[in-house]
Amino acid sequence: MTERVAIVGVAQTRFAPKRSDVNYGEMAYEAISQVLKDTGLALPEDIDSAISCSHDIWDGQTISDIGITDVIGGHLRAEEKMAMDGSTAVFYGAVGILSGEYSCTLIMAHTKMSQTNRHIVNNVAFDPIYTRMLGFDFTSAAALQARRYMYKYGITREDAARVVVKNLANAKRNPCASQSGDFTVADVLSSPAVAPPLHKLDIAPDADGAVALILASEERARKITDKPVWILGIGTCYDAHYLGDRDLADTFALEKAAGRAYAMAGIKNPRRSVDLAEVGDEFSYQELLWLEGLGLCDRGEAGRFTASGATAIGGKLPVNPSGGLLSGVPANVAGLNRVAEAALQLRGEAGDRQVRGANIAVAQGHTGFCGQHQCVVVLGN
Amino acid sequence: MENKTEYKPFEVDQHLTAHGNYWAGKAGSRFFTSLRDKKKLLGSPCKACNKVFWPPRSVCTFCFGELKDMVEIGPLGTVETFTLVTYSEPIQPRTAPFIYAVIRLDGADTGMAHFLDEVEIGKVHIGMRVQPVFAKDRKGNILDIQYFKPL
Ligand SMILES: [Zn+2]
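The listed protein sequences correspond, in order, to chains A and B. Note that the working numbering gives residue 501 to position 40 of the first sequence, counting from 1, and the numbers run on in steps of one. Note that the working numbering gives residue 152 to position 150 of the second sequence, counting from 1, and the numbers run on in steps of one.
Misleading hints may appear alongside valid ones.
[As the list claims (entries may be wrong)] Between beta-carbon pairs, the in silico distance windows are:
no., chain 1, residue 1, chain 2, residue 2, range
1, B, Glu120, A, Gly812, 52 to 60 Å
2, A, Asp499, B, Asn52, 53 to 61 Å
3, B, Gln133, A, Lys661, 54 to 62 Å
4, B, Tyr89, A, Asp517, 46 to 54 Å
5, B, Thr88, A, Arg538, 45 to 53 Å
Because the hints were derived from the structure by calculation, they are not lab data. Note that beta-carbon positions come from the ideal geometry of N, C-alpha and C, so glycine has one too.
Working from the sequences, and respecting the hints, build out all of it.
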């Protein structure tokens with residue numbers, strides 16, 4: 462990129478199974494007011510556009526940014542709603558700044574998953590003609606992907622369980638995490654079967670929460686902070702919709718999105734260049750599948766890679782030092798939380814979960830069942 | 003950032019219901035009519051790409067060419083992946099536990115997600131050959147195939 466875009470501030474609410482003390486606008490305001498305070502920026506004068514990211518049905522209102530227009534500074538100003546994963550909101554925000562139209566963009570994702578039933582909400586993502594009537598949801602679809610991936614690449618339930626054990630232990634160091642703890646592989650394997658091979662602990666739990674992040678042009682960023690985190694590369698890619706249209710063990714969309722992001726960042730060998738990754742582990746096996754799709758290990762190798770300790774906080778390539786989605790991060794917020802956590806790491810502000818000496822981080826988010834749409838963000842300091 | 007509440011949080015209870023009639027499209031209309039009236043399954047071939055798609059569609063995924071022909075596919079197929087759903091939701095037309103599978107119908111290059119029944123979950127495997135069981139009273143929707151079962 463000729464012009465550069467930086468993340469100049471990040472704030473997150475605590476994630477919890479149910480935030481009954483606030484509505485979604487009030488919850489969003491916690492993150493927004495914090496990020497404004499941290500950066501010393503004020504609404505409306507310092508922010509020239511805003512992008513919100515949420516889900517109409519979870520919010521209970523179509524064009525659900527209506528419900529947060531006041532808290533995001535959208536009244537009579539430029540404010541857009543992005544109904545996809547929060548990582549893609551970063552993509553749109555960066556594009557807006559690179560276009561020269563905006564110089565400082567507030568991005569906020571929120572969801573209160575506690576407000577309704579995730580399976581019913583996600584059933585609406587399936588096409589109404591051939592699939593929806595069969596009753597699919599993201600968990601049953603993911604179970605089909607997990608089985609196919611395990612079959613094709615020899616991944617075991619134990620391999621996936623090690624991701625859960627690692628991430629829930631990492632989450633103990635993250636004050637925002639909704640769930641954390643010391644679990645064993647046996648605990649994961651013996652947790653109740655939901656849709657085998659997926660058991661209860663293999664599945665990211667419902668959570669409520671919000672993340673706010675501010676992007677700025679290079680000129681503005683230099684004035685706002687002495688610790689800008691640069692978006693070095695960013696890429697997105699869609700795969701086919703229908704469950705049977707692709708081999709669910711394949712990661713073509715992620716490979717293409719990552720390829721674009723690495724090329725933009727000038728990264729030829731991501732295994733050598735990338736210091737840490739925050740990936741969308743909505744289900745345990747997905748951390749393994751996405752690591753392979755990101756080219757951070759060979760196809761079918763992510764299980765062994767994880768078992769070797771390489772993805773632990775002190776390992777060669779720490780993955781989800783925050784605890785990831787398995788520690789409880791709401792839908793839509795998921796990818797923005799990946800980007801925010803990666804940025805905190807590069808700023809050296811990740812507290813007890815800080816990875817030492819991290820200069821390049823990859824954040825990955827996905828929208829739709831089985832990772833249909835992929836977004837990869839490469840960050841550097 | 004968070005306030006300790008000194009009031010009782012109040013939730014507004016809501017329920018939305020909407021009835022939809024979704025247009026199945028040029029290819030989809032032929033598929034559902036054929037399924038309902040003849041118990042024959044149709045796919046969309048792209049000669050340029052040498053692919054046959056299910057669900058049927060009017061534009062090729064790969065070359066963006068318009069697809070006007072339809073060919074019969076299946077009815078036999080092969081299991082590509084499967085799961086046992088243990089939880090019940092009002093969106094599901096069957097009561098858990100039940101088996102979902104992606105089934106590649108013979109003659110098609112893409113799979114059909116559907117139910118599998120008349121088999122123990124422990125006996126299901128990837129590569130298993132299956133056949134459809136058609137509903138007696140067919141209404142022109144995907145549940146005109148009740149489920150697939152092993153050969
Ligand atoms: Zn074609």
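Do the Cβ positions of A:Asp499 and B:Asn52 conform to the proposed distance bound of 53 to 61 Å? 57 Å, holds
Does the Cβ-Cβ separation between B:Gln133 and A:Lys661 fall within 54 to 62 Å? Since B:Gln133 and A:Lys661 have Cβ atoms about 34 Å apart, the given range 54 to 62 Å is violated.
Do the Cβ positions of B:Thr88 and A:Arg538 conform to the proposed distance bound of 45 to 53 Å? Given range 45 to 53 Å: holds, Cβ gap about 48 Å.
So does B:Tyr89 sit 46 to 54 Å from A:Asp517, Cβ to Cβ? 24 Å, violated
For the range 52 to 60 Å, tell me whether the beta carbons of B:Glu120 and A:Gly812 fit it or not. Once the Cβ atoms are compared, 55 Å apart, the range 52 to 60 Å for A:Gly812 and B:Glu120 holds.
In summary, the structure is inconsistent with hints 3, 4 from the numbered list given earlier, while agreeing with the others.
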